[in-house]
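Given chain E, work out where chain F should sit, using these hints.
Order-wise, the sequence lines are chains E and F.
With our numbering as the guide, the letters of the first sequence map in order to residues 1 to 111.
With our numbering as the guide, the letters of the second sequence map in order to residues 112 to 223.
Hints in this document: simulated from the structure, not taken from any laboratory.
Just so it is clear, CB atoms sit at the ideal spot from N, CA and C, and this is done for glycine as well.
One-sided and incomplete, this derived list gives chain F residues near chain E with beta-carbon spacing under 7 Å: (1) Gly153; (2) Leu154; (3) Asn167; (4) Leu201; (5) Gly208; (6) Thr209; (7) Glu211; (8) Phe214; (9) Gly215; (10) Glu216; (11) Gly217.
For reference, the chains in residue letters:
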Amino acid sequence: SQKIEQNSEALNIQEGKTATLTCNYTNYSPAYLQWYRQDPGRGPVFLLLIRENEKEKRKERLKVTFDTTLKQSLFHITASQPADSATYLCALEGAGNMLTFGGGTRLMVKP
Amino acid sequence: KAGVTQTPRYLIKTRGQQVTLSCSPISGHRSVSWYQQTPGQGLQFLFEYFSETQRNKGNFPGRFSGRQFSNSRSEMNVSTLELGDSALYLCASRIGGTGELFFGEGSRLTVL
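Okay, chain F solo, but in the shape it has when bound:
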């Protein structure tokens, strides 16, 4: 069974640009969560989608948004990038709305 797949793995953007990250969950998993990881802040929860509905949202500005499609694949978008948005963005899926998370390898974003 394929794991959680995130694309792209690495990307470099400049301030003010926007970026879209993609996540394909494990087949059959209906929940997708996104986390931002930085050395100083650790793993910070961004949002969770379950059956195409946003179920939870972390404490991030409105520049961070996401969506989930009917096939459970998810995308997150960050607009008007800032230097502080440089981080490893991790996507994780789980079968239902609770329980263990299965993480992808992450998308490392560098903002110059």
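One chain only, chain E, in its complex shape:
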């Protein structure tokens, strides 16, 4: 069956460091992968989309990599700030363009 796995344990890092979050998937052949940010009690907010033929994508302090051989995406936040504290979700588009989300990883950036 199709699975999207994100580390369910919270990631705690110090302000200024780089946060790296992982998204692994099985039994998918996604055309692209997306990352979202969700704050408590709010809807997810789109951050980045990376296509299967792209190895890396950047937006300001954010960087996403996509390895279709390893079936893995890494999401990096450089020079992290306490305001980056949130839950980060990865999502893959499967059959019928249906977007399925991973369980999310909570990031805590301490000042």
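Coordinates of chain F only, in the frame set by chain E:
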């Protein structure tokens, strides 16, 4: 440009009742998706509508239904509510049938 609007934001129902949630997508967006979010299960896909047709359906019982109107606004209905239906119901829209989703703030349903 206004974002995705969901109403009501909060509601409390009792077991056995039914509920209807409403979603107004971003102007020009033709696709509307619904998700259920609970602490234990995360974001679970309910269904997606595109130009008034249900395009995809998640693994939920028939008590969960939805529809989309010609102006792209969407409603979802849950009948015979159960305690386990307590959740944040999120609606999201996108321009076409693929790409990034724009989420609303959700409707938080509590079933007593």
